[in-house]
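Heads up: the sequence shown is residues -10 to 93, going by the numbering used here.
Among the hints, a few may not be true.
What the hints assert, rightly or not - Derived BS3-like pairs: lysine-lysine, alpha-carbon spacing no greater than 27 Å straight-line:
# : residue 1 : residue 2
1 : K11       : K71
2 : K11       : K74
3 : K71       : K14
4 : K90       : K74
To be verified - Quick list of the computed label-pair ranges, beta carbon to beta carbon:
#  : residue 1 : residue 2 : range
5  : V18       : D72       : 19 to 25 Å
6  : L33       : D72       : 33 to 39 Å
7  : G68       : G45       : 33 to 39 Å
8  : I(-7)     : D72       : 31 to 37 Å
9  : T80       : A(-9)     : 23 to 29 Å
10 : F22       : K74       : 33 to 39 Å
11 : V77       : W(-8)     : 23 to 29 Å
Treat the hints as calculated values from the structure; they're not laboratory data. The structure displayed is predicted, hence computed values, not measured ones. Ideal placement from N, C-alpha and C gives every residue a C-beta, glycine not left out.
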Amino acid sequence: MAWIYLILAGIFEMFGVMFINKLHKDRNVFSFFLLFIGFAGSFLFLSLAMQTLPMGTAYAIWTGIGASGGAILGMIFYGEQKDWKRIVCITLVVSAAVGLKLVS
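Using the sequences plus the hints, can you model the full thing?
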């Protein structure tokens, strides 16, 4: 169950990061509310996951999901560059997260 919590924490982190950008563009209460929900959910599920998983592993995977997911969402929703070098780097981050899962 801890791994499911960790994946949910990463997904909420992705959306929290995405809503930071949305808040800068829209500047309304709804955007702020979505930003708050994203990060609150992220920290809630991360804390639940860390009750079982080692802190270093949980934090590294949570950060990897948030960073790579944020970059992917930026490419999809905000027209950020879809360069092959960025995709290779995102793949490296995801591979490292999977590697941590396999060794822990």
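May I ask which of the numbered hints given earlier this structure violates, with the numbers listed in increasing order?
Structure breaks hint 5 only.
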